[in-house]
Each structure stands twice: as structure tokens, then as C-alpha cells.
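Visitor: The chain contents come next:
There are 2 protein chains.
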Amino acid sequence: MASGHQLPRIRHEVGLALERFLDRQRAVLGDIGPELRPWLDAIGALLQGGKRLRAAFCYWGWRAADGPDGPQIYAAAAALELLHASALVHDDLIDESDTRRGRPSVHREFAARHAEQGWRGPAAAFGAGAAILIGDILLGWTDELLAASGLEPAALRRGQPALDAMRTELIGGQYLDLLGQAAGDGSVDEALRVITYKTASYTVARPLQLGAALAGRTDAPMAAACRGYGVPLGIAFQLRDDVLGAFGDPARTGKPSGDDLRDGKRTVLVALARERATPAQRRVLDARLGDPGLDETGVAEVRTVLTGTGALAACELMIESNLAESLRALEHAPLPGQANQALAELAVAATERSD
Amino acid sequence: MASGHQLPRIRHEVGLALERFLDRQRAVLGDIGPELRPWLDAIGALLQGGKRLRAAFCYWGWRAADGPDGPQIYAAAAALELLHASALVHDDLIDESDTRRGRPSVHREFAARHAEQGWRGPAAAFGAGAAILIGDILLGWTDELLAASGLEPAALRRGQPALDAMRTELIGGQYLDLLGQAAGDGSVDEALRVITYKTASYTVARPLQLGAALAGRTDAPMAAACRGYGVPLGIAFQLRDDVLGAFGDPARTGKPSGDDLRDGKRTVLVALARERATPAQRRVLDARLGDPGLDETGVAEVRTVLTGTGALAACELMIESNLAESLRALEHAPLPGQANQALAELAVAATERSD
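These protein sequence lines are chains A and B, in that order.
When the letters of the first sequence are read in order and numbered with the working numbering, they come out as residues 1272 to 1626.
When the letters of the second sequence are read in order and numbered with the working numbering, they come out as residues 1272 to 1626.
No lab work stands behind these hints, which were simulated from the structure alone.
Some clues are possibly wrong.
If chains are identical, the list can't say which one is meant, so a pair holds when it fits in one copy or spans any two.
[Unchecked claim] Pairs of lysine to any residue residues, derived as SDA-like cross-links and limited to a Cα-Cα distance of at most 20 Å, are as follows:
(1) Lys-1322 with Pro-1521
(2) Lys-1536 with Gly-1455
(3) Lys-1536 with Trp-1390
(4) Lys-1536 with Ala-1396
(5) Lys-1526 with Gln-1609
(6) Lys-1536 with Pro-1393
(7) Lys-1536 with Gly-1392
(8) Lys-1536 with Leu-1601
(9) Lys-1536 with Gly-1525
(10) Lys-1536 with Gly-1569
(11) Lys-1536 with Arg-1391
(12) Lys-1322 with Ala-1615
(13) Lys-1536 with Ala-1394
(14) Lys-1526 with Ala-1595
(15) Lys-1526 with Pro-1563
(16) Lys-1322 with Gly-1286
These figures come from a predicted structure and were not determined experimentally.
Just chain A, same shape as in the assembly (with noise of 0.2 Å):
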């Protein structure tokens, strides 16, 4: 039963759901203006890639909650996948990221447009203003498709309380991640608690709320299956997502070989080496990480000591314990056998090495 949780055929429909929802934007953009179409070029590449796990999850919360299937959920799914990239492109733009899913992120995509032309002023100021607005734009659009989605306005009351939980957790979590950049510690207790706000809750839990929201589950029993199982299924697909930011192949993560590490992420896995490191690995940190010109050499050495403390196989530990702890949550949850066997299987896929 490999395909019991039914990903493929999500994607597609969340796929369709999104390119509908475009098309309409695409009208609405055109009577303001020819200029705004290279927006939705921007927004059409970045909607293209992506794992749609939290689109996944949101589906698989309504059919927990006995929801039938339909084009209804795959709309509401799917804007949850704007919210997701209303994030992406704001988060690039503050980690000052070159690339996301092998193009240039937003904010660079149009200060070369702002270059290429030789308009006035600087390009650097002009792409961050216009990923700012898109970001804008697919945050609003995220409040317009769920409303869009055909769901009653009933069921769309029920779901609120999730979807505004969810979107003040991600901003509110990315804030702490700022802020831990600025002034943190660099502790693993720091990274925890950043990515319990920032990702887990919401990548996993909130969408799983939503779905089961929406189709009617509000109840205190089924919130706490949600946060049960996705809580530390967020955290431990997060970990993976660390894990493969550092030592990942270009060619799956869309980013650069060790880009997290050029970028100077502040990740459990780094905490986790810091914490273990002698004085000399931790030279090797301090002087490679968040280095905008880290070359091969320098990755491997800063790899060397992510494994060379034990960082990499206690962060792998760690994701093996939160998976098994949602796992474990997940069997005692009130859910449907189906509902269970396909979140069951999303919680393996989500965290698993490679796809």
C-alpha cells in the first residue's frame, strides 16, 4: 500500500486547483495593468516545484473528519501552497537566499529584470519592493482561494480559527528566527523552538486542523490527534530538511550544494555541532558558516566536523525519535483506517533521505 496516502494524485489536483485559480488572477492583473505580468510568470515558477505536503495534509485532516471527496478540498489545500510561497519569497528575501527550486528567488529575478532594462535607482532596491508586494499578494490570495474553494461559508467559519493560528505561528516563528540570527545563542534549544513555530506546527498540525475544521472536526479530541502527530512530525521533517540543506544533492533541493551552510542557517544540526565541538571544529564553524563565497573545499570542511562531532547522527536520531513519536500518537489517534494509513505513510515519506 505505497500509494495509500495518495500524494501523486493531490499534487495533481492541487496542481489543476492552483493553475485555475491563476488563470482568474491573471484577468484581474491584466485590467491593472500589462506591467504586473511578470508576476505571475514569478508566481507560476515558484507554484510549479514543492512537495504540496501541506496541501497533503489539509486533505488528509477532511477525510480524517469523514469530508468526501471533491474539488472543494483540493481548492482549500491549495491555498495553503500560496500561503507557503507568500513565505518563501519574504523568507528569501530577509535571508537574502539567491535560489529557491534552481531559479533565482523572487527578489533576484527582478533586480535582474531592473538591471537588464537599466532603469534608475538601485536593483537591489527595486527586486526587494517587488518580492515584498508578490509576497503581499500571495498572502491575501491565500484568504481569496479558500473562500473560492466552494466550501460553505459554515465550513469556512470553522476553519479560520486554524488557518489564523497557523499564519500568526509561521510569521511569528520567523520573526524568532531573525531575531536568533541577530542575537541568539545558537543553541539547540534556540533552533527547537524556532522551528516548532516556524515549520512543524505549521507545515504539518495547522494544515491537518484545518482540513479536519473545515469538514466539521473541532473538537478538542481531534486538535490533539492534529498536534499529536504533527507536531513532531513537523519537527523531524524539518530536521530532514536541515540535514539536506547541509550535506542534500543540488539536483533534489533546488539549491546549491551546502547553500544552507553558505547562508549561515541557524539550524539544529549547526546547534548540535557547536554543542559538541572542540575548539578547533569550532573555528572551522565560525569562520565557514555564513560565508557568501564558501566553495567546495570549504562545504567539505564544514561538513567534516557537522559529522566529526556527531551532529549529523544525533540530528538523524532525533528525526527517528519524532518520527516515531508521531507515529505512536497516530496509532491512538480517533482517525479513520484510511486517514491513518495515509498519514501514517505521509509522516515516513515526509522524513525520509531521499525521495
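Dock chain B against chain A, hints included.
Guide: Okay, now just chain B, sitting in the frame of chain A:
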């Protein structure tokens, strides 16, 4: 009947609705972390000021559609103040404005906090990141407060298209503004097109339409009445704002005298001056506009050109004729007498020379 528009009462009720909402969010953000406390201080300060025009137009749209007075409509109208605050935070960042309503703008405030604390990395980047995220949360809260207004789900569904259009036009208009600064021809037509989307539709026509739709009037004659009155009034309002930005009293505008000139804002007023300028006058505009170090003497020089070219007089004429067009449309609008009277008063209040 100078107080038929009830603006003081609307401001008071909307202010209370915002306070209640922020109190709830204080608890939500506190659960994420005490580090988020400064957000609410910054947001609270931002929401203190403002004319509440968008809220007032939403309220009168509701009343024009025979909606009953009550806390629901004040909460719904207050949601528009959150949207506006979001736009201000992101706009100030994009325009690199130092102040807003007599205080440091949000990105400057957080940059100053970073510098004071001696945190790592560049203070300006931290301030920019914080402002992006605070603008994001305000944008998300727009939907949250509207949904929590106590209005029926069916009413919210009726209002959704007006909110969707408002948001897209606002953000799209902000991009036209950014693009105009980089690549525009500085013409009056171009400046008018920017304010049509960025301000006019978003300040008057769409809030009115939203209020009317929430109360049940989504019909074409009502939408046409909102546009007929709202679009020219919104243009007149923005033109008044442009004049105040160049000639206004800092005590009223909350910005240093002549700040729009220092920022090089591409207003209709400036475009009118450019079209009429002699080569000598044009040289003054080219040398002075957008000079961040522009002093009182420089501001006075530019003002002399704005007056001497006849641009100021032409702008005042445009305000007058747009206001007249708006009031004419109102005369033919199918609205109850009280709403009609209130909207006529609001139109005058929104465009008059001083408070």
C-alpha cells in the same frame, strides 16, 4: 448638520474594536514568545493615528445598504485599518521613509533597537526583516478580524469579492508606483494611474462596496454608485495628500515639512510641474527632488517652482473638479438620505485644506 458623517463616533468605535483585537493578539503572540512583545507596541502606535477614512466609508456603505448600527460593522470596518497599516509598513520600507505619523517608521524603529542592543549583523537588514514580517501579520489579521467581526458567514461571503479586489488593486498599485520610479516617464497620466489603484479605489470605492455587500447589496447599481462617487473622491483625496506632502504643516501630516519632496515621491503635483516647467525650473526639480539632505531652503525652492509653474493651482482645480464629480454621482445614487448626506460631508472632509 456638520456631524452627520459621525466620524468622531466611528473613530471611537473602530478604535475600541482594534484595541480589543490587539488585546487578544497579545495573548496569542505571548504564547509564541515574549520576544514578540515589541510588535504589539509598534502596531498599537501605528493604529493610534490615522483618519479612519477607510473604516468610515465601509461603515457608510453598510448603512447605505440599510445595515443596522452595531459592533459587527465596526469590527469589520476596523479590519480595513489593519490592511492599511500593513500597506503603510511595507510602503515605508520600500520608499525608505524614516517617519510615519510623527514616529520612526517600523523598519527604522527595529533597526534602532538592533543598533542599541549591539546585536550581530547589519541593523538596517534586521529592521527591514522585522517590517516585512509585521506588515505580513497585519495583512493576515485583516482577514482574521473580519471573520471574527460577528457578521454572519453568508454576509462575509458576500463581502469577499470587494475585499479581494481591494487588496489586489492596492498591492498592484504599489508595484506600479515602484515601477514608475524606476522606469516611468514622470507624466501626469502615469501618476494618475498609480493613484487610481494604489489609493483611489482602495480608499473610498472598495470600502464602500465592501460595507454595502456585507449588508446584502451586491447588485450592479450599488456597485456603480460606489465607483461613481468613490473613484473621483479617492483621486481628489490623494491629490490633497500630495499637496499636503509638499506644502503641509508637519503637525498635521506627522512628517517633516516637505518630506514627499525629499523622498522624491512621483506625485501628480510634481508631474504637473514637470510638464509646465521652463528649463530653469526643471533644473531645480531635477536637482532637488529626491535629495535626502534637502533643507528648508531647498524645500522652499521646490515650492516656488510648484507654485510658479501653476502646478499647485492646477492640482487644486483637479481636486475641485474630482470632488464635484463625486458629489454629482452621489446626487444620482440610490442611497437613503442619511447615508447620502453623510457621504457628501465625508467627501468634503476628506479633501479640505486643513482639519
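Visitor: Taking the hints in turn, state whether each one holds.
Guide: Hint by hint, here is what the structure shows:
1. Lys-1322 with Pro-1521: This pair counts as within: shortest intra-copy Cα distance 16 Å, inter-copy 52 Å.
2. Lys-1536 with Gly-1455: Close inside one copy (12 Å), not across copies (38 Å); limit 20 Å.
3. Lys-1536 with Trp-1390: between (33 Å within a copy, 17 Å between copies)
4. Lys-1536 with Ala-1396: Result: close only across copies, 16 Å inter versus 23 Å intra.
5. Lys-1526 with Gln-1609: Result: close neither inside a copy nor across copies, 35 Å intra and 61 Å inter.
6. Lys-1536 with Pro-1393: Between copies only: 16 Å across chains, 27 Å inside a chain, cut-off 20 Å.
7. Lys-1536 with Gly-1392: Result: close only across copies, 13 Å inter versus 30 Å intra.
8. Lys-1536 with Leu-1601: Neither. Shortest intra-copy (32 Å) and inter-copy (57 Å) distances fail the 20 Å Cα cut-off.
9. Lys-1536 with Gly-1525: Within one copy only: 16 Å inside a chain, 39 Å across chains, cut-off 20 Å.
10. Lys-1536 with Gly-1569: Answer is within: at 15 Å inside a copy they meet the 20 Å cutoff, but 46 Å across does not.
11. Lys-1536 with Arg-1391: Classified as between; 14 Å across copies, 33 Å inside a copy.
12. Lys-1322 with Ala-1615: within (17 Å within a copy, 53 Å between copies)
13. Lys-1536 with Ala-1394: The answer is between: 18 Å across copies meets 20 Å, while 25 Å in one copy does not.
14. Lys-1526 with Ala-1595: neither (29 Å within a copy, 57 Å between copies)
15. Lys-1526 with Pro-1563: The answer is within: 14 Å in one copy meets 20 Å, while 39 Å across copies does not.
16. Lys-1322 with Gly-1286: within (11 Å within a copy, 43 Å between copies)
Comparing the model with each earlier hint shows violations of hints 5, 8, 14; every other hint is respected.
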